[in-house]
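For this one, chain L is given, so just place chain X with the ligands on it according to the hints.
The listed protein sequences derive, respectively, from chains L and X.
Taking our numbering, the leading residue of the first sequence gets 7, the next gets one more, and so forth.
Taking our numbering, the leading residue of the second sequence gets 23, the next gets one more, and so forth.
Note that these hints are calculated values from the structure, not bench results.
Check each hint, because a few of them may be wrong.
[Stated by the list, open to error] Derived pair list, reagent style DSS-like, types lysine-lysine, alpha-carbon separation capped at 27 Å:
#	chain 1	residue 1	chain 2	residue 2
1	X	Lys-128	L	Lys-187
2	X	Lys-154	X	Lys-131
3	X	Lys-125	L	Lys-187
4	X	Lys-191	X	Lys-154
5	X	Lys-191	X	Lys-131
6	L	Lys-187	X	Lys-243
7	X	Lys-94	L	Lys-187
8	X	Lys-94	X	Lys-125
[As the list claims (entries may be wrong)] Sample of chain X residues lacking proximity to chain L, with all beta carbon distances greater than 12 Å (derived):
#	residue
9	Gly-53
10	Ser-260
11	Gly-294
Quick reminder that beta carbons are idealized off the backbone N, C-alpha and C, glycines included.
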Amino acid sequence: MAIFTRAPKAEPILGQNRAVAMVLGVLTWIIGLLFFFPLFWLVVNGFKEESVASSSPTLNFDPTLDRFSEVTEDSGGLLSFTEAFGNSFWIVLISTVLVMVLAIPAAYALAIRPMRKWRDILFFFISTKFLPIVGIIMPIWIIARDLDLLGTRTVLVVLYTAMNLPLAVWMLRSFFAEVPKELIEASQIDGCSLLGQIRQVILPIVAPGVAATALLCVIFAWNEFFFAIQLNPTGASTIPVWVNSQQKFQGQFLAGLSAASVLATLPVVLAGWVAQKRMIRGLAMGAIK
Amino acid sequence: MAEVRYQEASRIYPGTEEPAVNQLNLDIGDGELLVLVGPSGSGKSTALRMLAGLETVNMGSIWINEVDVTLKPPQDRDIAMVFQNYALYPSMTVGDNMGFALKQQKVPKAERAERVAEAARILDLTEYLDRKPKNLSGGQRQRVAMGRAIVRQPQVFLMDEPLSNLDAKLRVQTRTELADLQARLGVTTVYVTHDQVEAMTMGHRVAVLNFGVLQQVDAPKTLYAAPANKFVAGFIGSPAMNLFDAENVDGKPGIAGVAVPINDAVAAALKGQSLDKVSVGVRPEHLTLGTAGIEGEVTVVEELGSESFVHVRTDHRGEATNIVVRDRGETQTARGDRVKIDFDGPLHVFGEDGQRVTA
Ligand SMILES: Nc1ncnc2c1ncn2[C@@H]1O[C@H](COP(=O)(O)OP(=O)(O)OP(=O)(O)O)[C@@H](O)[C@H]1O
Ligand SMILES: [Mg+2]
Chain L
7 MAIFTRAPKA EPILGQNRAV AMVLGVLTWI IGLLFFFPLF WLVVNGFKEE SVASSSPTLN
67 FDPTLDRFSE VTEDSGGLLS FTEAFGNSFW IVLISTVLVM VLAIPAAYAL AIRPMRKWRD
127 ILFFFISTKF LPIVGIIMPI WIIARDLDLL GTRTVLVVLY TAMNLPLAVW MLRSFFAEVP
187 KELIEASQID GCSLLGQIRQ VILPIVAPGV AATALLCVIF AWNEFFFAIQ LNPTGASTIP
247 VWVNSQQKFQ GQFLAGLSAA SVLATLPVVL AGWVAQKRMI RGLAMGAIK
Chain X
23 MAEVRYQEAS RIYPGTEEPA VNQLNLDIGD GELLVLVGPS GSGKSTALRM LAGLETVNMG
83 SIWINEVDVT LKPPQDRDIA MVFQNYALYP SMTVGDNMGF ALKQQKVPKA ERAERVAEAA
143 RILDLTEYLD RKPKNLSGGQ RQRVAMGRAI VRQPQVFLMD EPLSNLDAKL RVQTRTELAD
203 LQARLGVTTV YVTHDQVEAM TMGHRVAVLN FGVLQQVDAP KTLYAAPANK FVAGFIGSPA
263 MNLFDAENVD GKPGIAGVAV PINDAVAAAL KGQSLDKVSV GVRPEHLTLG TAGIEGEVTV
323 VEELGSESFV HVRTDHRGEA TNIVVRDRGE TQTARGDRVK IDFDGPLHVF GEDGQRVTA
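Isolated chain L (complex conformation) (with noise of 0.2 Å):
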């Protein structure tokens, strides 16, 4: 019976030979584990003592969870941890939307209605991605003095709505482009406005893809140092920034930093464990069928 028969053995990578795949397995774990030691240490260190930390490495410590606590204290007029994390919060909440508002309109025109030299429309978008960002910080800061916007959450929120804004239409240009061109002309003649078309028509085919985008949004401008740094280093500044002032002129600041490093990172895993599925899937498109 169908039952009882075995799946035929899955061919080994390489050939035959066992050996080969033994030791290629072996290598997998070596470059893995090379890559996974420095976030482990960081780890580690987080929950030791400053003079531990310090001194030669080891792995033979009284675990404590004060350098969070110490980390995490209001510090008095300095950026604390707890204004970081708000403003931070609201900068990536403000600029995702406004990018994704900005996005979907522009990657609908892309997709489904092209106009002439869309490719060429395409390509300007991402080579602003080209430029490094440190070769034109000075115009920017310019104008951001000019407008008194330095020293302002704005200033974060409109540079990452822009830092954002190309990736975005690139991204869901591809993914509006996968929804079969029947369903829009059927939603056409159905009678559907162009709002209701993308709400009630396209999005749903492309959530997993537009949730795929946002959620790099959200990683890329979470992450963001430069632009905090330069235009807002102070009180008004985001997670980096503040991970950055850990660092300390006189005295041991190495289990504090990695103990705000591991505090920074910990929403981007989370986010990104949780959304882990959705966004392989949308982000290979499997989801249209």
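Frame of chain L, contents of chain X with the ligands only:
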């Protein structure tokens, strides 16, 4: 309810030279089921999409009920379309799919549900109303697509090869159901297919397109009995008509050295035309295996039970040429037999220009 008129309507796709639909003139009556048929790339879909408002009409105009809709967007034309791949909204249930257009028209929920239920009953879909399209079979999806169209009670149904994704048996069954449904509802319908059998069995009238040009529009019987030109003659009918460039046999058009029997009127019409450039056609059922006529050798006998088609190789204009003869089992032939083919029925003669020579 609705009449449809194409008036010198042309579509030239951007970046192409030849029009995909070339000065189409077509009048479709109220309640009529008109089939557009033609080979692949002949512009059937384009013509249908022009009527739907999905394709720009570059020249000419399109009218629905004496209203010029040429420039109107699809949603203002009061039409419903069934797509080849059905184009069901994957995120909505069957019921929501069918009620979607009504929802856009802001029809109250209760009435919407009632009309969807009614359509579902007609199409035997009641038990599937809560399912998503991906959980349906191909035949059920096809019915949902039909349901989405009939719920709207539109002026015109447009269908672009709606049966081509079904298997052969279901296609034949659905084709009759569809024709019956259309007759019951009495909604003017334009139906596109590349399958001439489908066209002949379903159409009240059939319009034959080739290279974007309308070749002939007539009732199926007329199309079969009196094809207007060589293209229609070759396209309509299965197996196809035997169609040859004629040769001059004693001043008459002939095949394989045998003059075909034409009446005086046809002969008169052919006066002045070079007989080598004239074409002669005869359907397999209008030939018999007899004792006189075109000589040849049997190559294949296609036995279908009630009848058989005998393929005979003859020498026509110096080339081996295949002639198909329908045999009702009166004669027993096999490969290699030498036979004689006699004319037994109407002939089709096409002049130098490929047009039918009417007697
Ligand atoms: N978007 C387009 N751009 C350019 N040319 C097109 C476009 N769509 C169709 N055509 C061309 O127009 C002609 C008619 O196409 P159409 O789709 O109407 O054919 P059809 O009769 O429906 O064929 P089929 O039976 O294969 O569906 C073809 O030569 C085709 O290549
Ligand atoms: Mg087509």
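We went through each hint and held it up to the structure:
In summary, the hint linking Lys-128 (chain X) to Lys-187 (chain L) is supported, as the alpha carbons are separated by about 25 Å, within the 27 Å threshold. Between the alpha carbons of Lys-154 (chain X) and Lys-131 (chain X) the distance comes to roughly 20 Å, so the proposed pair stays at or under 27 Å and holds. For the given pair, Lys-125 (chain X) sits about 21 Å from Lys-187 (chain L) by alpha-carbon distance, which is consistent with the 27 Å threshold. Of the pairs offered as hints, the one joining Lys-191 (chain X) and Lys-154 (chain X) holds, with about 25 Å between alpha carbons and a cut-off of 27 Å not exceeded.
Among the hinted pairs, Lys-191 (chain X) with Lys-131 (chain X) is inconsistent with the structure: their alpha-carbon atoms are about 38 Å apart, more than 27 Å. About 37 Å separates the Cα atoms of Lys-187 (chain L) and Lys-243 (chain X), which puts this hinted pair outside 27 Å; it is violated. At roughly 20 Å between alpha-carbon atoms, Lys-94 (chain X) and Lys-187 (chain L) fall within 27 Å of each other, so this suggested pair holds. Our distance criterion of 27 Å between C-alpha atoms is met by Lys-94 (chain X) and Lys-125 (chain X), whose separation comes to about 21 Å.
A cut-off of 12 Å between C-beta atoms confirms that Gly-53 (chain X) is not in contact with chain L; the least separation is 21 Å. With a least CB separation of 30 Å from chain L, Ser-260 (chain X) remains clear of the 12 Å interface cut-off, as annotated. The claim that Gly-294 (chain X) is not at the interface with chain L holds, since no C-beta of that chain comes within 12 Å of its own (minimum 52 Å).
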